[in-house]
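Residue numbers (the working numbering), protein chains in the order written: chain A, 19 to 358; chain B, 19 to 358; chain C, 19 to 358; chain D, 19 to 358; chain E, 19 to 358; chain F, 19 to 358.
Since the hints were derived computationally from the structure, they do not count as laboratory data. The reader is advised that the hints may include incorrect statements.
One copy or two, it doesn't matter: identical chains are merged, so the pair holds either way.
Taking lysine-lysine pairs in the DSSO-like style, the calculated list, with each CA pair at most 27 Å apart, reads [to be verified]:
1. K197 / K133
2. K133 / K119
3. K188 / K346
4. K174 / K45
5. K174 / K76
6. K119 / K193
7. K20 / K76
8. K188 / K119
9. K20 / K174
10. K202 / K245
11. K96 / K20
12. K193 / K133
13. K96 / K193
14. K188 / K202
Number of protein chains: 6
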Amino acid sequence: MKKVVTFGEIMLRLAPEGYLRFSQAEKYGATYGGGEANVAVSLANYGLDAAFVTKLPKHEIGQAGVNALRKYGVDTSKIVRGGDRVGIYFLEKGASQRPSKVVYDRANSAISQAKRVDFDWNNILDDVEFFHFTGITPALGGEVPAICEDALKVCKEKGIMVSCDLNYRKNLWTKAEAKETMSKLMPYVDVCIANEEDAADVFDIHATNTDISSGKLNYDGYKEVAKTLAETFGFKKVAITLRGSISANDNNWAAMLYDGSEFYFSKNYLVHIVDRVGGGDSFGGGLIYAILNNFSMQETIEFAVAASCLKHSIEGDFNMVSVDEVLKLAKGDGSGRVQR
Amino acid sequence: MKKVVTFGEIMLRLAPEGYLRFSQAEKYGATYGGGEANVAVSLANYGLDAAFVTKLPKHEIGQAGVNALRKYGVDTSKIVRGGDRVGIYFLEKGASQRPSKVVYDRANSAISQAKRVDFDWNNILDDVEFFHFTGITPALGGEVPAICEDALKVCKEKGIMVSCDLNYRKNLWTKAEAKETMSKLMPYVDVCIANEEDAADVFDIHATNTDISSGKLNYDGYKEVAKTLAETFGFKKVAITLRGSISANDNNWAAMLYDGSEFYFSKNYLVHIVDRVGGGDSFGGGLIYAILNNFSMQETIEFAVAASCLKHSIEGDFNMVSVDEVLKLAKGDGSGRVQR
Amino acid sequence: MKKVVTFGEIMLRLAPEGYLRFSQAEKYGATYGGGEANVAVSLANYGLDAAFVTKLPKHEIGQAGVNALRKYGVDTSKIVRGGDRVGIYFLEKGASQRPSKVVYDRANSAISQAKRVDFDWNNILDDVEFFHFTGITPALGGEVPAICEDALKVCKEKGIMVSCDLNYRKNLWTKAEAKETMSKLMPYVDVCIANEEDAADVFDIHATNTDISSGKLNYDGYKEVAKTLAETFGFKKVAITLRGSISANDNNWAAMLYDGSEFYFSKNYLVHIVDRVGGGDSFGGGLIYAILNNFSMQETIEFAVAASCLKHSIEGDFNMVSVDEVLKLAKGDGSGRVQR
Amino acid sequence: MKKVVTFGEIMLRLAPEGYLRFSQAEKYGATYGGGEANVAVSLANYGLDAAFVTKLPKHEIGQAGVNALRKYGVDTSKIVRGGDRVGIYFLEKGASQRPSKVVYDRANSAISQAKRVDFDWNNILDDVEFFHFTGITPALGGEVPAICEDALKVCKEKGIMVSCDLNYRKNLWTKAEAKETMSKLMPYVDVCIANEEDAADVFDIHATNTDISSGKLNYDGYKEVAKTLAETFGFKKVAITLRGSISANDNNWAAMLYDGSEFYFSKNYLVHIVDRVGGGDSFGGGLIYAILNNFSMQETIEFAVAASCLKHSIEGDFNMVSVDEVLKLAKGDGSGRVQR
Amino acid sequence: MKKVVTFGEIMLRLAPEGYLRFSQAEKYGATYGGGEANVAVSLANYGLDAAFVTKLPKHEIGQAGVNALRKYGVDTSKIVRGGDRVGIYFLEKGASQRPSKVVYDRANSAISQAKRVDFDWNNILDDVEFFHFTGITPALGGEVPAICEDALKVCKEKGIMVSCDLNYRKNLWTKAEAKETMSKLMPYVDVCIANEEDAADVFDIHATNTDISSGKLNYDGYKEVAKTLAETFGFKKVAITLRGSISANDNNWAAMLYDGSEFYFSKNYLVHIVDRVGGGDSFGGGLIYAILNNFSMQETIEFAVAASCLKHSIEGDFNMVSVDEVLKLAKGDGSGRVQR
Amino acid sequence: MKKVVTFGEIMLRLAPEGYLRFSQAEKYGATYGGGEANVAVSLANYGLDAAFVTKLPKHEIGQAGVNALRKYGVDTSKIVRGGDRVGIYFLEKGASQRPSKVVYDRANSAISQAKRVDFDWNNILDDVEFFHFTGITPALGGEVPAICEDALKVCKEKGIMVSCDLNYRKNLWTKAEAKETMSKLMPYVDVCIANEEDAADVFDIHATNTDISSGKLNYDGYKEVAKTLAETFGFKKVAITLRGSISANDNNWAAMLYDGSEFYFSKNYLVHIVDRVGGGDSFGGGLIYAILNNFSMQETIEFAVAASCLKHSIEGDFNMVSVDEVLKLAKGDGSGRVQR
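Looking at chain A on its own, in the form it has when it is part of the complex (with noise of 0.2 Å):
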C-alpha cells in the first residue's frame, strides 16, 4: 500500500445544528478536520496508508481528535502528544445569500507552539512516497515554518513527491507574510493547488478579468496564473479549483490542471451544497490519488473534481467517499439515482 503523509493543524470543529446562527445555537455538533487531516481521511477512504503529522495534547480533547482520525483508518501513530489545546473553529452554515461564517479559535494550539525536536522526519518519512501541506501550516507561526522546511529537505533528499495547497488564511498572516515563508518553501514543492484566489492573495499573481462574488469566473484567466506559478517556482503541476459561487447553496465547481505544457479542464459541475468546507482538500486527496495511481491528466483532473465534487454533499470536513464512488461520478452519472 502506497504511504502518504500530510502535517498541519486538526482542529476542533464546533457548528450549530442545521441553518443556526450562532446566536441560535443552543449545541455545536463537534467534529474534527483540518486542511491537511482532511486530505489524510480522502487518502485513507481510497484504501491508501495515509498518516496524519501533527501535535495534540493529551488530555481528552486531544485524545478525541486522535480517534476522529483512526476511526477513518488514518495512521495516527506519528502524531506528537503534547501542548495545552487544540486550536478550535467555530462554524455557522450559510444558506441562499447568507454566507457561511467562520470563527476562530485556534491561537496557542499544540501545534502552534510545537517546536522542530518534537518531529523526526527522517524515521515520520520512512517508506513513504508522497507528502503534502497547505499554506495554512506555516502560517501557524513560531517554529512551524522551520518544521516545515525540516520535513521538506527529508523529502528532497528521499526523493517523496510533494504537494502544496497554497491556501491562504488572511487571519494568521499578512499577504506580505506570506508571500515571504511560502517563496521559501515552494522549491521543494513538485504539485501545487491553488483555488481561484490563492495565487492572488500569496504571491500576487492575478487572474485578468474574474470577479469571484459575482459568481462568474474567467477560465482562461487562470491559464496564465498557473504557467506563470509553474515558472516562478518550478512546480511540476499546477491544478487550480473554479468555484463560482452563485449562492451559499448554489456553487459551479471546476478545475483546471497544468502539466507545464498542457492546460486540462475538468467538466463543470452544478452543485447543491451540504457542507462546502473540505471542499479545496477533497480535491488535494483526489489529485494526489490520482497522480499516486498514474492516471493520465484529463483523468486526473476529471477525478480530483468529482471528488471533491462529491464532498459538498457531504457533512463535516471529512470527504467520506471511496474510489468506485468518484469513478462513477467523474465517468458522467450524476443523475443522483436511488443505489440499491
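With chain A's structure known, arrange chains B, C, D, E and F on it following the hints.
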C-alpha cells in the same frame, strides 16, 4: 367505505439523520415501510378502509411495525403474527451528485418464510373491492409466489380488481426469475404499474431512445412499452411513471396512463426532494384512489402524479397527504404559499 | 440610541423538526414570534433601543416569551403581566410543491383579553421616536382596537412617527371587519407596509393582472395600489413587498416604495428558503431602520429587501442579522462565499 | 374480546427534554395524554377492546391525538370530531427536592365545549362491559357533567359496570363544586378509585394522622376513608393508592382495596421514577383488567399496583406494559435483571 | 430594586449529552457559566437588579455569552467588549463512582487579558448595594488582581457590602500564589464564602478529622475554620458549604454560617444530582439575597442551602429558581410532589 | 506493547434513547458491541495492542463496525471481510422494577456463517501473549466451534495464555448443547470467567442458597462453584462476578477470584447504573490487563471489579476508562467528586 387490501413486506427502515453517510451515523431514524404497506397508508390517509396483509414476528420489533400502520388508520387485523425477524433496510439519503444508497438486510424475514397455510384469503378478501401487490412480494421467494397466486385466484373468484406494481429488485432475484414468476401472475392483474425501468428489467420490453442516468427520458418510447404490456398480459390499464433524475435533489416527475386505446400524459413537476423513497408507491396509492372513485383518465393520472409529487416532500416511506391536498396541486396550485 | 416601540401579540411557535408533517412530529421546536415582536428583535439587532409592548401571563410559558425577547436585547420592561394563556401557533414547514401550514391556537390569549387600563401609553411612549403595529393587533378584538387607537393618539400628540403593516389574517376577522376597523386607524399612520395581497384583502384595492399562486406578479399593477393607498389615507410612504412564490423552497423577493411622488423598486432576489415566516416583518424592521437613519428612498427599499432576503435563510420568526450583513448584501454581494 | 369504554379529555402534553426547566427549553416533546385516555391505552395494551370517547378538532393537532391512540390499538371510531382546540398541558419534570410542575392551557378545548347531542351513548355503549371516567371530566364544566350523567344512565340501563377515579383538579373547580357535582354522579359508580388526597378534597373525608408532604402515610387511616366512601355512595369496591413521596425521584408506591368487608393491602414498591404522570391512571387500568378477568381481591390489588409501579419507569402518560410484564412483577421479580 | 454587581469570567461550557464521555461525544451542549455570572443569574431570578461585569470579544461567540445573561434578565450593559477569545470549559458529567471531569481551555480569554483602564468602577458601582467576586477572578492573572483591588477600593469608598467566594482553582495558580494575592484582597471583604476545601487550599486553615473523599465530613471541625477566617481577615460573616460526596449521583449538602459569635447549621439534604456545577455559586446567590433582605441568621443559611440544593436538580451552571421555590423547600417541603 | 487477540462476534446495537420502550422509539442509537469486541476495546483503552478477530460484510454497515473499533485503537487488520449481514441486537434500557430487554436479530450473521478456511490462526496469533473468547462464540454454531478449536490449538502450540468467559446465551443453544461443546474447549483454557449464573447454565454446577432474582447472593456458595470448575477443567484461575440486582437502576457488584488454592473477594460496589450491558466484558478486560501486568491476586480482582464498576456508568457496550481511572477507584476513591 371502500375496502382495499395490499399484501407484501413491511421493513424496519434505518436511516442516518439528514445527509449523513452511514459511516458518520451515531443514530438511525427508525420508521417502517415497504411497497404495499406504503400504498395501504396512502389509501388510509385518503379515507379508505385499507388493510395491509403480511407476516410479522410477535416480538416488540414486529409489534412496532404493526403500530406504525395502526397510527395512520391501516387495518392490521389480518396480519399474521409469527416468524423470527423483521426485514430491515438501511437508507442513506443522497444529495446533489451523490446518490441515495440502500443496504438491504431482509433475508429470512417472517414474511419471506411464511407458508401458504398462514393466509386464509377467502376470509381476508371478504367484501374487498381492490387488491394490490408489487413485484417485490413474489421476489421474496419460498412459498410467497404461491401465496400471491392463492390471493389472486380468490380475487378472480370474487371479482376484486387487482393492481400490480412491477417494481423489479435486482437483489432479490434475477431478471430471468422475475420474468418467469411474474409472467404467471400477470394474467390476474387488471392495472399494471411500472417505472421507467421495470418493463425492461422484468419483461425485456424497452423504451426507445432513453438514457435514464442522463436525466432525460423519451416519453414517446414509453407509449410502445405500455401498449406491448397491455397486449401481452391483457391489462386493462397500464400506468408508467417517468422520473427524470437531474440530481439527488432535483427530479422531473410525470407519468403516463394507457387504457388500451388512448395515452394520457400528466403535467410534469420539477420536484425539490425531501425523500424520494416511496415515490412510486404513492403514485400507486393515488392511482387506486382515483380508479375507485371513477375519476376520468386524465384526472386519474393527474391525481396519481400530484400525490406522488407531494410524497417527494415528505420524510419516510409513507405518503402523508389528504385528498384535498392532492386535488389542490392537481388543479394547479404548486406555488407553496403558506396555508394559514 | 433611538427608541422604537412595537405593540402586538407574541405567540409560542411550535414547529416539527425539519420537513416533518404534524402527524409525524414527536417533538416541537419551541420558539416565540409575532409580527410586531419580530420587528422589535430586528431593530434591537440593528442596535436600536427597541421595546415590545404586549400582555403576557405571569406563568413560566409567559416568562419564556419575555426571555426570548430579552435574549436579543429587546426592552421588555413595558410588557404587562397577567392573563391566562400565551397564544400558540403550530407551524409545519413546506417543501417543493407542498405549502407550509399554520394551525392557530391563539384565541383568549392574554393580550386579546387585555383592557385599555392595562396600558399607560403616555409613560410607554415617553422619549420614543417611532411606533409600529400591524393589522393583526386590532384583529385580536375585544378592547385591543381601542388600545391601538389610544396608543396612536398619544403618538400623534408626541409627534411619534407611526408605521403599520396591514397584515390581513382571515382567521381573526372578515374582510369587512378589517376594512371598518383599519380605516379608523389609518389616519394616524405615516408609513404603510403591505404585501402583495393585503391591500386587496383589507381595503379592496387590487393590483391588476396578477395571479399570486402562479408565482408571477405584475409589478406595475402595484404602483396603482400604492398610489390609491396613499391618497386614501394620507400615508407619507407606502411600501409593498412583492413575493413571487415558485415553490415552498424557492421564491422571488423584491419590494416597491412609494413616497407620494416616485416609485422605487428594489432589485429582485431569488431566495432559497430556510424559513419564510417573519419575512414581511423583517422587511418592516429594515424599513424602519433605514427611515430612522435617513437613508435615501432607493437605499431604504434596498436595505429593507436585503434584510428580509436574509431572513428567509434564518430559522424562526426573528431576523438575526446585523446592519453590516444587510448592507453587504444590499450593496451587491449575494455570492454566499464563506466569511472567515 | 371484552369491550371497555372510557370518556374524558385527551390533551397535547408538551414537556422539555430530560430535567430542563421551562425557561431552558428550546423544544418540547409532544405526546398526548389524559386520565381516561391513559386507562384506555393500558387496557388496549392488555389486549382488551378499549374505546376512548371524547371530542377533538378536525385539524392536524386533533388528528395527531387520534393517531396517538390508534398507534396503541385504542378504538377511536367513537371520537366526535369538531371544536377548535386541543387542550394542552406543559410538564416540567422534577428531580430530587424540586417538584414536577404542570402548567395547564386547557380552557375552551373541544371536549369542554361539547354538547349533549354530540354523543349517542346508546350506540357508543353497545356491547360494552365496563365504563370508566374520572373526576376531571365533569370538572370540565359546560354540558360535560350532563354528558357524563347521560352516559352513566345508559350504563345503568345496560348493566355496564362503572368505575370512577375521583381525581380532584383544583384548577378546574372548587372543592364545593366538585362535591356537589360528583355527589350526583357517584350513585352510578361501582368501583371508586382515589389517591391519598382525593377523598379529602372532593368529599371532605380525611385520613387520620397523615402528612402527605412528609413522605409518610398512615395506612390505617385510609381504611376508614374507604369504608366511609363505600357506605356513603354504595360503591362495591373502593381502591386507594398510597404514594409516599420521598423526593421527585423516589416514591413509595402501594395501594389498598376494600370490597365492603375486607381491606387488602398490596406490597409496597420503592420506585425510582422515570415519569410519574399517569401513575394513578395506570393503577385504574390494572384494576379494571383484573376485575374483568375475575382476579381474586388480593391478586387484583397486586396487579393494579404492579402495573402502576411499572408505569413510573416509562416516559409519557401512557403505560406501555403487557399483562405478562405486570404479572411477573406482581409475582415478585422486581430485580430488573436484563431479559434476553 | 436592589442593585448588585458581580465581576469575573463567563465561559462557554461545552458538555457531552447525558452521561457520554468526551470520547463518545458527537455534539456538545453549549451554555455559558462562571462563578460570578452564575451568582448574577441567581439574583436576577430572585428579582434583584443584578449586573455582571467582565470583558468579552465582540464576535458572535462573545455575543452569545451576553445573550445568555440577558435572557435571564442580567444587566449586561457594563460588560466591556473586546479581546480575542471566550474562555471555554469542557464538562463531562460523572455517574455513580465515575467522577465528573472538567477540561479547561481558558487561557488568554478576553477577561484574563483585560486592562485596568477597561473598567470605570466609579461608574459601574454607582448606586450599587452589594459586590461579589470569587477567588477565580484574581487567579486569572495579568492585571486582573489589580482590577479586583480597584473595584474593592471603590466599594469601600461607596460603602458597598462585599462578598467573596474563595473558590480555589489549582489549574490557575498555586496555593502559595493564591494565599499571597487573596490575603491582600480579603480586608475589603465582608462576607466570606468557602467550600469544605477552600480554606485549606488558599489559607492553609484545615478542618480537623475530615476526609472529603470518604463522603463524611466532621462538621465541628469547620467551626474552627470559620472562626479562624473571621479573626484573620475581619470578615463579618463566614459561610461554609459542607458537601458529603457519596457518589457522583448522590451527595449530602448542608452549610454553616458564622456571624462572629454564633454558628448556624442548616438542615442537611440528600440530593440526587442532575448537575452539580454551580452548586457553590447558587449558595452564594442565596446567601446574598437573604442578607440583602435581612433574613435572620438561621433563615439566611437555610435559604442559601435550599437554593443550592435545588440547583443540583437543574442542568447548566445557572440556578433557575424563584424565591418562592426556595422558600417552599427551606420551610420543609422536599417531597417533590407534582405542582399542578 | 503486549499483544492480545479476542475472537467473536460484533453486533450493531440499536437502542431507543433514554428509557423509551421499543414501542415509543422513533430513533435508535446505533453503536457496536459484543462480548469479545468489548474486551478488545477495554484493553486498547488500557494501552495494550489489542486485535479483534471476526468476519464482517464488506458493505457500509460492516465497515461501520470496523470503524467503531478503529476509533478506539483496536487493531482490525485481522478481521475477515465477507458475508451478508451484521448481527443486530435491539436493547431497551430498563428502570426501577422494569428490566432491560434485548431482542436479538443475529442469525445468519457473517461470522456465524464463517468457514474454517477464513482464518489463518498461525498468522493471526503471531507474537500474541493472550487470547480471549466467550461462550457466545461457539454458540454461533456452524463451523464456529471448530474455528474456536483451531484457534485454541494454535494458542497451545505457541504457549499463549487463554481466557474464556462462559457467558451462556439461551437464545443460541440449549444447556445440553452448551455443555457438550464447551466441555471440549475448556481444556485449552487457563482463566475461566463466569457470572453468578453461567456455571449452573453451562455445566450444571450450582451455588448453594442463592436466588439471583431476590437481589441477594450467597457468596460462600460460589467458592464451591469455582473449586469444582477448576478441578473439572484444570483452570489455573477462576473468576466469578457477583451481581446483586436490587433494581434495574441499582446493583451490588463484586467478584471472587480463585487461584486453585485461595479465594480472593473484591470489595463490593453499590452501582447506580447508566448502562449495564458489557459489565461482564469490562470485568474480563480488567482481569486480563491485571494478569498481563502481574498484579497480585487481590489487586487483580480489585482492578477487574473497579473497571467493571466504572463500566456501569458508561453508555454503550464499550468500557471507556483508563488504567489511572480504574486504579483510583480500586484504591478507594469512589466519591465521584468533580475532577478539574
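Hints, one by one, checked against the model:
no.	hint	verdict
1	K197 / K133	within (23 Å within a copy, 35 Å between copies)
2	K133 / K119	neither (31 Å within a copy, 29 Å between copies)
3	K188 / K346	between (37 Å within a copy, 19 Å between copies)
4	K174 / K45	neither (46 Å within a copy, 42 Å between copies)
5	K174 / K76	neither (32 Å within a copy, 39 Å between copies)
6	K119 / K193	within (21 Å within a copy, 42 Å between copies)
7	K20 / K76	between (29 Å within a copy, 22 Å between copies)
8	K188 / K119	within (14 Å within a copy, 36 Å between copies)
9	K20 / K174	within (18 Å within a copy, 37 Å between copies)
10	K202 / K245	within (19 Å within a copy, 67 Å between copies)
11	K96 / K20	both (17 Å within a copy, 19 Å between copies)
12	K193 / K133	within (24 Å within a copy, 31 Å between copies)
13	K96 / K193	neither (32 Å within a copy, 37 Å between copies)
14	K188 / K202	within (19 Å within a copy, 44 Å between copies)
Of the numbered hints stated above, those contradicted by the structure are hints 2, 4, 5 and 13, listed in ascending order.
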